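*Asks:* Letter by letter, the chains look like this.
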Amino acid sequence: MKRKRVSRNWFAHLVLIVGVAVLVFPVYMAFIGSTHDAATIGRGRLPLTPGTHMAENYVQAWAYGTGERVSGTPVRIMMTNSLLMAVVIAVGKITVSILAAYAVVFFRFPLRMFFFWLIFITLMLPLEVRIIPSYKVVADLGLLNSLAGLTLPVMVSATGTLLFRQVFLTIPKELLDAAKIDGAGPMRCLWSIILPLGRPSIAALFVILFVYGWNQYLWPLLITTEKNMDTIVIGIVKMLGTSESLMDWNLVMATTVMAMAVPIVVVILFQKWLVKGLVETEK
Amino acid sequence: MEARFPGYRLLPYILILPSIAVIIVFLVVPFAMAVQQSFYRTSPFGTTTLFVGFDNYSQLFSAPEYVQSLLTTLVFAALVIGGGLALSLAIAILVTRKIRGVGFYQVAFIWTYALSPAVAGIIWALLFDPSVGLGTYLIQQLTGYRINMRVSGTPALLIAAAAAVWNMLGYNICFYIAGLQNVPKEFEEAARVDGASPWRTFWRITFPMLSPTTAFLLFTNTIYAFFQVFGLIDILTQGGPGGATEILVYKLYRDGFIRLRVNYAAAQSVLLFLMVAAMALFQLRVTTRRAEYSR
Numbered sequence: 001m002k003r004k005r006v007s008r009n010w011f012a013h014l015v016l017i018v019g020v021a022v023l024v025f026p027v028y029m030a031f032i033g034s035t036h037d038a039a040t041i042g043r044g045r046l047p048l049t050p051g052t053h054m055a056e057n058y059v060q061a062w063a064y065g066t067g068e069r070v071s072g073t074p075v076r077i078m079m080t081n082s083l084l085m086a087v088v089i090a091v092g093k094i095t096v097s098i099l100a101a102y103a104v105v106f107f108r109f110p111l112r113m114f115f116f117w118l119i120f121i122t123l124m125l126p127l128e129v130r131i132i133p134s135y136k137v138v139a140d141l142g143l144l145n146s147l148a149g150l151t152l153p154v155m156v157s158a159t160g161t162l163l164f165r166q167v168f169l170t171i172p173k174e175l176l177d178a179a180k181i182d183g184a185g186p187m188r189c190l191w192s193i194i195l196p197l198g199r200p201s202i203a204a205l206f207v208i209l210f211v212y213g214w215n216q217y218l219w220p221l222l223i224t225t226e227k228n229m230d231t232i233v234i235g236i237v238k239m240l241g242t243s244e245s246l247m248d249w250n251l252v253m254a255t256t257v258m259a260m261a262v263p264i265v266v267v268i269l270f271q272k273w274l275v276k277g278l279v280e281t282e283k
Numbered sequence: 284m285e286a287r288f289p290g291y292r293l294l295p296y297i298l299i300l301p302s303i304a305v306i307i308v309f310l311v312v313p314f315a316m317a318v319q320q321s322f323y324r325t326s327p328f329g330t331t332t333l334f335v336g337f338d339n340y341s342q343l344f345s346a347p348e349y350v351q352s353l354l355t356t357l358v359f360a361a362l363v364i365g366g367g368l369a370l371s372l373a374i375a376i377l378v379t380r381k382i383r384g385v386g387f388y389q390v391a392f393i394w395t396y397a398l399s400p401a402v403a404g405i406i407w408a409l410l411f412d413p414s415v416g417l418g419t420y421l422i423q424q425l426t427g428y429r430i431n432m433r434v435s436g437t438p439a440l441l442i443a444a445a446a447a448v449w450n451m452l453g454y455n456i457c458f459y460i461a462g463l464q465n466v467p468k469e470f471e472e473a474a475r476v477d478g479a480s481p482w483r484t485f486w487r488i489t490f491p492m493l494s495p496t497t498a499f500l501l502f503t504n505t506i507y508a509f510f511q512v513f514g515l516i517d518i519l520t521q522g523g524p525g526g527a528t529e530i531l532v533y534k535l536y537r538d539g540f541i542r543l544r545v546n547y548a549a550a551q552s553v554l555l556f557l558m559v560a561a562m563a564l565f566q567l568r569v570t571t572r573r574a575e576y577s578r
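Chains A and B, in that order, are what the protein sequence lines are. Under my numbering, the first residue of the first sequence is numbered 1, with each subsequent residue one higher. Under my numbering, the first residue of the second sequence is numbered 284, with each subsequent residue one higher.
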């Protein structure tokens, strides 16, 4: 009996390790690609071990973003743009959905359910579905090449509003009643009672939305035409350009590794919160 | 439940205003424009606009490229969703079992959540580059067949689907781990005491208890396979070769922004919306039905 369990666990570990290896391998190869020079990669089979050009590739991508065959924007500029966009989207979406959920749960007013359904319906209208007219609206408002144009059209979050509604509904009524007796108004209650209780969900949602914001692709591709507005994801694509095998894969991969590193660090740092927040969401 | 803050008439509207304003300006107005455009046709220089009824729609369904793109999307989505969910559920079950190092494995899988479809596209483009890719080389060593995803369609579609499954794996595992932690252990234990095999316990108890998670993931993965995968496709294959990976959203983008057939693209937008709406309603139904009998 005991032996059987031990052997079963070995099998589980084996499957898991193979699984992790399959996930890690492509990223590892991207890292390897970022440590060789362009000629080594161009010759055909990429070596399986790191090369000696790591420092110079990263410095070049970070400071200039331009190699022999590609010309891009320096990573330091694109990194700032990406960070700004991701944080504005995450904080904005969380704020907007907390306010909406608070109104829907704690107030009774005409059209309340209509508004709630309107928010819910945004689930069915991903940006891609309304992409052409959205572009036109943003252009007409003069928001091309601006942070507002990049972030406003994705600012409403049905998922966020639904999540906070769920969380707020579980808050015991007595807590609020006690605060009201002490003379606290609705905004004071939101700030000192509701928000602290919602902290795990806020943290989880922050990770989800930060990653979502950082990884935006189609929208920034259309909205930003100026080089100094490039986000890092867009920057890599522009580096890829048209030439196919004659490419500075080393610089592309150094930029790719840096583009992945930030959201990966955020996810790993907040990993506990993420799973905890998701468990709460599921309830 | 009664109102918690009676007497505040204006405040709730102020609170909900940011959401509603963004929805009206950036969702309702653009979508209404798309619906309207889908019934008109504009001459190439934008001089005249003509009401054509359902002409744009009937043109879509009689165009072989559109029907082909629809089929490609369905095959692609089935591969990505079916393969992805089965794989991630299996891994999540292993990770939540009582084995050593569960914490390590969770982190080891979850980090991939952070990878964007575009980044996945770049990495897989390097792996399966026809001349320098390691994946191309390995497959040639194993099968003797040198794949070139820039020339042949089926390998291109399979590579794109594999890249997409790989890209979503961390996200799916994450939610299945969360879902599995909410399945009460008592049920599984009771079934085991009654002598049910692990296989039977899984299909009769664990899997049905997971149905809200599965429904949610079905929806998000469909959205991923239909839309978010855009970056991956754009970098890896640009819809090619010969339209083999031109999924609907990619075709919409090409028709709208590159071929500049705005009305034709608008009709495609409306059809895509109908598909998403149907899927969202399906998910809502499964989730609420489940919630009813759990209470």
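These are calculated hints, taken from the structure and not from any lab test. Computed from a predicted model, the values in this text were never measured in an experiment. Even glycine gets a Cβ: it sits at the ideal position worked out from N, Cα and C. Don't take each hint at face value.
In silico contact screen, one side only, chain B against chain A (beta carbon under 7 Å); selected entries [as the list claims (entries may be wrong)]:
hint: 1; residue: A317
hint: 2; residue: Q319
hint: 3; residue: I393
hint: 4; residue: L410
hint: 5; residue: S435
hint: 6; residue: F556
*Asks:* Against this structure, judge whether each hint is valid.
*Replies:* Hints, verified against the model:
The beta carbon of A317(B) is positioned within 7 Å of a beta carbon in chain A (closest approach about 5 Å), and the interface hint is therefore held. Because the beta carbon of Q319(B) sits about 9 Å from the nearest beta carbon in chain A, more than 7 Å, this interface hint is broken. Nearest Cβ of chain A to the Cβ of I393(B): about 6 Å, under the 7 Å cut. The hint holds. Satisfaction of the interface hint for L410(B) is found here, the shortest Cβ-Cβ separation to chain A being roughly 6 Å, below the 7 Å cut-off.
Evaluation of the S435(B) hint against chain A yields a violated restraint, the C-beta minimum of about 16 Å exceeding 7 Å. The beta carbon of F556(B) is positioned within 7 Å of a beta carbon in chain A (closest approach about 5 Å), and the interface hint is therefore held.
In the structure shown, a violation is registered for the earlier hints numbered 2 and 5, in ascending order.
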